[in-house]
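Student: On the provided structure of chain B, position chain E as indicated by the hints.
So the sequence lines, in the order shown, correspond to chains B and E. Counting from 1, position 54 in the first sequence corresponds to residue 91 in my numbering; the numbering is continuous, with no gaps. Counting from 1, position 65 in the second sequence corresponds to residue 81 in my numbering; the numbering is continuous, with no gaps.
The set of hints was computed from the structure by calculation and includes no laboratory data. Be aware that one or more of the hints could be misleading.
BS3-like, lysine-lysine: derived pairs with alpha carbons at most 25 Å apart [to be verified]:
1) K136(B) / K170(E)
2) K142(B) / K170(E)
3) K442(E) / K376(E)
4) K178(E) / K133(B)
5) K382(E) / K442(E)
6) K376(E) / K457(E)
7) K376(E) / K170(E)
8) K442(E) / K375(E)
9) K442(E) / K453(E)
10) K382(E) / K453(E)
11) K376(E) / K453(E)
12) K375(E) / K457(E)
13) K453(E) / K375(E)
14) K142(B) / K178(E)
15) K170(E) / K133(B)
16) K457(E) / K382(E)
17) K375(E) / K170(E)
18) K178(E) / K136(B)
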Amino acid sequence: MEYLIFIGIGVLFSVGTYLLLCRSLLRVIGGFMVISHAVHMLILTMAGLNTGSAPLVDLSGSESTDPLPHAVILTAIVIGFGLTSFLIVLAYRTYKSHKTDDLEKLRGADNE
Amino acid sequence: MSNIVVLPILIPVLAGALLILLVKRHRIQRFMSGLSAIATLAASLYLAVYVYNNGGIATLELGTWSAPFGIVMVADLLSVTVVAVSSLVGVCCLFFAFRTLHPERERYYFHPLFFFLITGVNGAALTGDIFNMFVFFEVMLLSSYALIVIGGTKFQLRESFKYAIINIFASMLFLAGIAYLYGITGTLNMAHIAERIDGLEETGALPVVAIVFFIVFAMKGALFPLYFWLPRAYYGAPIAITALFGGLLTKVGVYAIIRTYTLIFTQDVAFTHHFLILLIAGFTMLLGVLGAVSSFDLKKILSYHIISQLGYIVIGIGLFTPLALAGTIFYYFHHIFVKTSLLLFSGVVERITGTTDLKKTGGILKTHPSLAWLFLIPALSIAGIPPLSGFFGKFALVLESLQEASYLIAFVAMFVGLLTLFSMLKIFINAFWGEQKHSNKQGETPIMDVLAPVLPLVFLTITIGVGAQWSFGFSMEIAEQLLDPSIYIDSVLKE
Chain B
38 MEYLIFIGIG
48 VLFSVGTYLL
58 LCRSLLRVIG
68 GFMVISHAVH
78 MLILTMAGLN
88 TGSAPLVDLS
98 GSESTDPLPH
108 AVILTAIVIG
118 FGLTSFLIVL
128 AYRTYKSHKT
138 DDLEKLRGAD
148 NE
Chain E
17 MSNIVVLPIL
27 IPVLAGALLI
37 LLVKRHRIQR
47 FMSGLSAIAT
57 LAASLYLAVY
67 VYNNGGIATL
77 ELGTWSAPFG
87 IVMVADLLSV
97 TVVAVSSLVG
107 VCCLFFAFRT
117 LHPERERYYF
127 HPLFFFLITG
137 VNGAALTGDI
147 FNMFVFFEVM
157 LLSSYALIVI
167 GGTKFQLRES
177 FKYAIINIFA
187 SMLFLAGIAY
197 LYGITGTLNM
207 AHIAERIDGL
217 EETGALPVVA
227 IVFFIVFAMK
237 GALFPLYFWL
247 PRAYYGAPIA
257 ITALFGGLLT
267 KVGVYAIIRT
277 YTLIFTQDVA
287 FTHHFLILLI
297 AGFTMLLGVL
307 GAVSSFDLKK
317 ILSYHIISQL
327 GYIVIGIGLF
337 TPLALAGTIF
347 YYFHHIFVKT
357 SLLLFSGVVE
367 RITGTTDLKK
377 TGGILKTHPS
387 LAWLFLIPAL
397 SIAGIPPLSG
407 FFGKFALVLE
417 SLQEASYLIA
427 FVAMFVGLLT
437 LFSMLKIFIN
447 AFWGEQKHSN
457 KQGETPIMDV
467 LAPVLPLVFL
477 TITIGVGAQW
487 SFGFSMEIAE
497 QLLDPSIYID
507 SVLKE
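Same shape as in the complex, but just chain E:
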């Protein structure tokens, strides 16, 4: 019973409400939103440290209604880490947006929507109630629809309508899945659901419900074959917003898969995990990276990479062993850092050359060497070059799939790693090496102010890679907590 659990949700939602009133006052708005973002980060870090030092799990019963009857907020190791990391990414993207976002766009409620998005992400991670998860998903998605269309160009309007319709359809399926689950178990509290499902005699309907939920989360998380909306929808938005989405939005879908598939749907592991999820993971990786190889635009390549890396994240859930799940969690956080920083770097490239088309860029290494070498760090990290963070996640996943005799998935993972390296080198050669294609005047564009918000993310990908013994050990702890659902159930229901 600790009230700080609700702080990472409360601060952004209040900040968002306040910022609606301040939308005309440009300077105060910026000051307030910067301050609130940092406050959210501080609160989430405090919560993470608190939970880690106090037995690894903290719950808050809202309005002191005891667990299965009232709404309960649960902060276990996975959710506090997700909250801390997403708040950090939020701060980086916000400060990047200060420097790059067009003031005209900023005036159309960018700041309030940004904070409602953070509210949704943090809330979905912290809630212990499946219907509340739906509500927080909607909070997050509705602000994302509005953010993705900010600016209102023709391209954005066209693509975001499709994005909105697809996600709304998924939300309706989510609600239908909740209805089925409520019909079977008669409760909405996730711990209570897990407990009741354990004692259920008739489990015939559960795989169907599991697959309905998987379709929903796969649609939100852009897994095969439901990823087609992602590259185009993300392409149109301003880069600070794309980076925020690439780092957070799809990850929330994957977080929900991790949560429900370790806690609730663990009856038929052979079918749902070992067959369905592994199959989807393989296709997601392969087709995502093929999209990246075939495109020739910086932003598009990076958008396709989001998809293929999500495939890697899902492998570990499919294998469902402690080491594989730890690999998944490690890769999850690695990917948030790396993908956000890469997308932000592509924004810097766009600022210098005015385009993200790789045929029209080149020679940035001569005029802006710091940008080029900094870009190389996350680029090599995402391709899995040791000692950067991507290597350890991939290593654990491939090792574990070999030990579990899933040779095909191990082969696909390594092959996709090769293609990832190829497309990253394609970016590096075409954008940074070669002849200088931008004018000398463009070459003098100052970039230090926009590089500064990205530095913490680059620093973190190096840190968790070099300090892998510590960071992987922490992922291991999270995985062990996830694989023992009784910890979660007992601390929520207080038995």
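With the rest of the complex left out, here is chain B:
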């Protein structure tokens, strides 16, 4: 199971990297979103996929799942959500004032 997820993470990372290197603003944001999900999966897998019981004190299971990665991923998802919405607004404003979403044209003049 771990190997399958690691391959999935690798695919997500490469797709994300491809999108980050695109010229369109929206695709760059999409690339960031894909990479952030790849990282969340990485956290989950690095902690070890465990099929134990729920991590509750009273439950007398022999082995319980590690709760920490879930807390970490939840926080990271919220942060990623905030960042994504900010980036989309920023990209929209950039598009409005520059009349282009092509990063090649947003390089800036040489004589500044």
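Tutor: Below, chain E alone, put in the same frame as chain B:
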């Protein structure tokens, strides 16, 4: 167990939340934000004195969950000093912003964002948990993205999009590094990580993790070759914000390098410290200062200098001896004072002449002599002229690199010092000497009100330079505490 550890984080975050509600009420907002900034400074100074008098380290377990399980706040000598200095810089920049920032810009949530930035900086310094450090980094960076685009000119929108994307990518790498570290050690508490890594048998993966973290912090701290976003992103923002960023933002990345590379990643010092960090430090210094020499705009020169001075700061971590680390810490604080004051002075110049292009300025010495002579103090300090503070940091670093037989880095450091002096003199000659290029009406611009917030910083750079015996001794104490991680580990885990 002392609750005051959390005050430097709590006051700004509450102030920021309150100020969102007051954003329409201009005068109350200003009053409240000035008051809260001073309260933050007072709390951080109190914390610093408390920690210094009580054994040099204080911890707070949030919600009384004991150390490796709950979140823990750790205030050691380095972090309390970082917190005190950043709160001070915050106060200076805020009062400078009152006088210079366009009211239209101030109304777009400048004050709340400013306080969230301070929250992030203080939190990243005080936390003892690597994931919490990531969270505080994000708090700080998200407010910095918003602050850097305040005003929304075409130039700002274009450059801050790149700034945001680069930093977000670095944040994702940071998270990946945390995942690796958690996979290896099974904990997120930094003291606990350090303890477990010590007893690890299989350490093959650790250099990789160390380098992932180094890339992340180097990207946030603008080290070679990841600094290209800095000069342009900082150029567009209003000067009070640029000065705040120049003083604090990149320093947080360097703080994280100091923290992790003295506490966690100390297994393969020969490769990570002596080779990697020293190499990066040399290139950062050299290329940063070459950028400064080649530009002809006050703000741009100063932005490039941020990069080259960061190279100096990192040398000491690369050499990894007590004296070198003390030099690094001394230089770190010296640079915060000097760089913020220089950037604020460039704001005053812009206020008088209306431009920061050195070809269009000149002769300010005739109309505003106080500004010119005050500018000269941090300018000479950054170039390393004794008895100002820059000299002692550089002296310790160069001396120690000669003793450690790293002759090349010592040569580069001295050569870069020369070029720094050259570019500072270029500013002085073109902006302050020579023919007066601004009109007589501009020459009568009152500047005392904007100079006042900068004076404490200039005063401090003189003080820590003249009183180097005391201030360098204090840096030495911090360095010794850092080089003995067992103090940190024991006081966090209470063994």
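Student: Given the hinted pair K375(E) and K457(E), is their Cα-Cα distance within 25 Å?
Tutor: Holds - the C-alpha atoms of K457(E) and K375(E) are around 20 Å apart, at most 25 Å.
Student: If you draw a straight line from the CA of K382(E) to the CA of K442(E), is it 25 Å or shorter?
Tutor: holds (18 Å)
Student: Given the hinted pair K382(E) and K453(E), is their Cα-Cα distance within 25 Å?
Tutor: The given pair, whose Cα atoms are some 11 Å apart, holds under the 25 Å limit.
Student: Does K453(E) sit within 25 Å of K376(E), going by the straight-line distance between their CA atoms?
Tutor: This hinted pair holds, its Cα atoms lying about 7 Å apart.
Student: Given the proposed pairing of K376(E) with K457(E), does the C-alpha separation stay at or below 25 Å?
Tutor: holds (16 Å)
Student: Could you grab the alpha-carbon distance between K178(E) and K136(B) and see if it respects the 25 Å cut-off?
Tutor: Measuring from Cα to Cα gives roughly 17 Å; hence the hint holds.
Student: Keeping to a limit of 25 Å between CA atoms, is the pair of K453(E) and K375(E) held or broken?
Tutor: It holds: about 9 Å lies between the C-alpha atoms, which stays within 25 Å.
Student: Under the criterion that the straight-line Cα-Cα distance not exceed 25 Å, is the pair K170(E), K133(B) satisfied?
Tutor: holds (10 Å)
Student: Within 25 Å, alpha carbon to alpha carbon, are K442(E) and K375(E)?
Tutor: holds (11 Å)
Student: Between the alpha carbons of K142(B) and K178(E), is the straight-line distance 25 Å or under?
Tutor: Distance of about 13 Å is within 25 Å: holds.
Student: If you draw a straight line from the CA of K375(E) to the CA of K170(E), is it 25 Å or shorter?
Tutor: Holds, at roughly 24 Å.
Student: Straight-line Cα separation of K376(E) and K170(E) no greater than 25 Å?
Tutor: holds (23 Å)
Hint compliance for this structure: no hint is broken.
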